[in-house]
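Here the protein sequences come in this chain order: A and B.
With our numbering applied, the first sequence has no gaps in its numbers, which climb one by one up to 345 at the end.
With our numbering applied, the second sequence has no gaps in its numbers, which climb one by one up to 1072 at the end.
Incorrect hints may appear among the rest.
[As the list claims (entries may be wrong)] Listed next, the in silico BS3-like pairs over lysine-lysine satisfying Cα-Cα at most 27 Å (straight line):
#1 B:K983 x A:K311
#2 B:K983 x A:K303
#3 A:K184 x A:K269
#4 B:K983 x B:K886
#5 A:K311 x B:K1007
[Stated by the list, open to error] Which residues of chain A face chain B? A partial, calculated answer using Cβ under 10 Å:
#6 T50
#7 L58
#8 G138
#9 L146
#10 A147
#11 L155
#12 G158
#13 S208
#14 G211
#15 I274
#16 Y316
#17 Q318
#18 P323
#19 M324
No wet-lab data here; the hints were simulated from the structure.
Where is the CB? At the ideal position from N, CA and C, for every residue including glycine.
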Amino acid sequence: MKDMLASMRTPRGLFTVALLLVFALLPLLTEAFGQRYLLSVGTRIVIWSIAAVSLNMILGYGGLVSFGHAAFFGIGGYAVGILSANGLGSGWLQWPVAILASAAWAAVIGALSLRTRGVYFLMITLAFGQLVYYLGSGLEAYGGDDGLNISRSRFAGLIDLRDKASFYWLCLALLCATLWFCSRFAVSRFGLVLRGAKSNELRMTALGFPVFRYRLAAFVVSGAFGGLAGVLLANEGAYVSPAMMSWVKSGDLIVIVVLGGIGVLFGPLYGTVAFFALEELLKPGLDLLHKGWGEYWQVVFGPMLVLIALYARGGIDSLLGRRDG
Amino acid sequence: MDYLLIQMLNGLQLGLLMFLLAAGLTLTFGIMDLVNLAHGSLYMMGAYIAWTLIAWTDSFVLGALLALPATFALGVVVEAVVMRRLYARDHLDQVLATFGLILFFNELVRMIWGPAGKSIAVPAFLSHTVEILPGVPYPAYRFALIVVGVIVAVLLAWLVARTRLGMLIRAGASNRRMIAALGVNIELLFSLVFGLGAVFAGLAGLMAAPISSVKIGMGDDILILAFVIIVIGGIGSIKGAFVAAMIVGQIDIVGRAFLPDLLKTFMAPAAASSAAPAISQVLVYILMAGVLVWRPTGLFGQRS
């Protein structure tokens, strides 16, 4: 407890606490200032943060560059969509099914992909992501390319997901749970083995750890949380489509994790906020410079990513001061 | 039977096009150890530059010939400004930076050429059909694509297997620190190889333009297919890229052509014809997964 209080007094701690405070108060703030739109942006930031935290578990702690993480958005989302289209609207059924389906998919592709290394791993996860994408767009009964309008999951008497503020609170609570899990995960024996294998696989193998099985387990856990984010994303827009699992979304998730700081607990949070804020700020900012330029914000955003990759190792987290150890 | 032949030729033509794209990618991958997601952007830029030059010169051949040095120059500039700084970095940095380049190029194209797609007309002297077998007509342009594809593939094979540059490329792919230590000007070599890859990508883009269309993001989806091809073939192997491109071309086209009929035997016709393209795409990825499970470094990849 003492350590925690001390770490809160550093710039990083203050920044994180301030960020979480803004998150916690967002519905009240947007209500007070009449900015309903910002609440939906906020909801999406929270959901993407969950996905980014889940990617960080394997990418950050495991060093496994998975380029197919958006598939879990799709599997989680489509599980909700398909069940609701067939009249099974209960969240008590939908959510576990969606998360189990994501975990199962993660187990299958993990078992195949983790046999490969480096670029091959990156490419095979990318290809599996595309496989799910094409399967989704081939689901003609569920909208095909156009996607599917769904009714939000029902938790009778407990919470109404159609209410924007309650849905936001729920997402935030789930983000906190995910972060809590990740913080335990990172310092557990399991997490330490995973991090050890990231820095030296051969050594961990020589020490007798079944590295493959540890990685596979991490992949499954990460996929399950990714599926949860997919469930929430489907409920946010009451809509699922193959576009939510295109490879560009997987790329966005990697960008977010790297932008925030790889293998840092709150990194994905910083990254998601920065990613969405950049989009929301660059557009009006460029319009201010010259009318009509805002539309082309990615001309600026793209080179920014190049510069971040080249000169800002450690992402936003490293801007908040050195880490000890 | 004729139908099968025509579909197989279409598959061959797609395969050759994919090979052009994959050849540059596998070289930069194998030699510079660079994950270049922006390779598809070079494909797109090739098509757009060709569109402009063809409109300007009013001749397909002249425009296309001028577009090749232009894409080479673009490749060399991209290499000098961005890629050169990425060789020593890990793959994650490369993914991030080249992902940024994709966003940049897509938006740049939208700024310069506008959001609407462009079309390049099939040149007049190739707009007829040729009889590949008595009584079996085939579009002359597609036939020309096959011819050009084969010529370029042979040229590339000759370049890699028989010339000094090719020798350095092969040496670089197997041990680049060693050839640097032997006094080869590695910066020049990398620059050349990247430019060469850009030319092949641009050529593929401009040749595909008359049969598909020139649009923003046209390189993004085909890039994934090119990655699949080089992974199946084994990274750094030109031969592997060629074999894999041929297989993928056949699966994609023949799958598209024959799956609907196959599916109709047990599915509703409408559902069958809409599911078939998706399934033939999926087949390609299943093939890749199968190859990687069997050989984790691809068909012709070096065992590490």
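Taking the hints in turn, this is what the structure says about them:
1. B:K983 x A:K311: holds (25 Å)
2. B:K983 x A:K303: Given pair K983 of chain B, K303 of chain A holds - Cα atoms ~23 Å apart, limit 27 Å.
3. A:K184 x A:K269: holds (24 Å)
4. B:K983 x B:K886: holds (6 Å)
5. A:K311 x B:K1007: violated (51 Å)
6. T50: Result: violated, 29 Å to nearest chain B Cβ.
7. L58: Violated, about 24 Å.
8. G138: holds (7 Å)
9. L146: holds (7 Å)
10. A147: Since the shortest Cβ distance to chain B is 5 Å, the answer is holds.
11. L155: Holds - the Cβ of L155 of chain A comes within 10 Å of chain B, reaching about 6 Å at its closest.
12. G158: holds (3 Å)
13. S208: violated (24 Å)
14. G211: violated (20 Å)
15. I274: Result: holds, 6 Å to nearest chain B Cβ.
16. Y316: Constraint on Y316 of chain A satisfied, holds at 5 Å.
17. Q318: Given a least distance of 4 Å, the restraint on Q318 of chain A holds.
18. P323: Holds: closest Cβ of chain B sits about 6 Å from P323 of chain A, inside 10 Å.
19. M324: Status holds, d = 7 Å.
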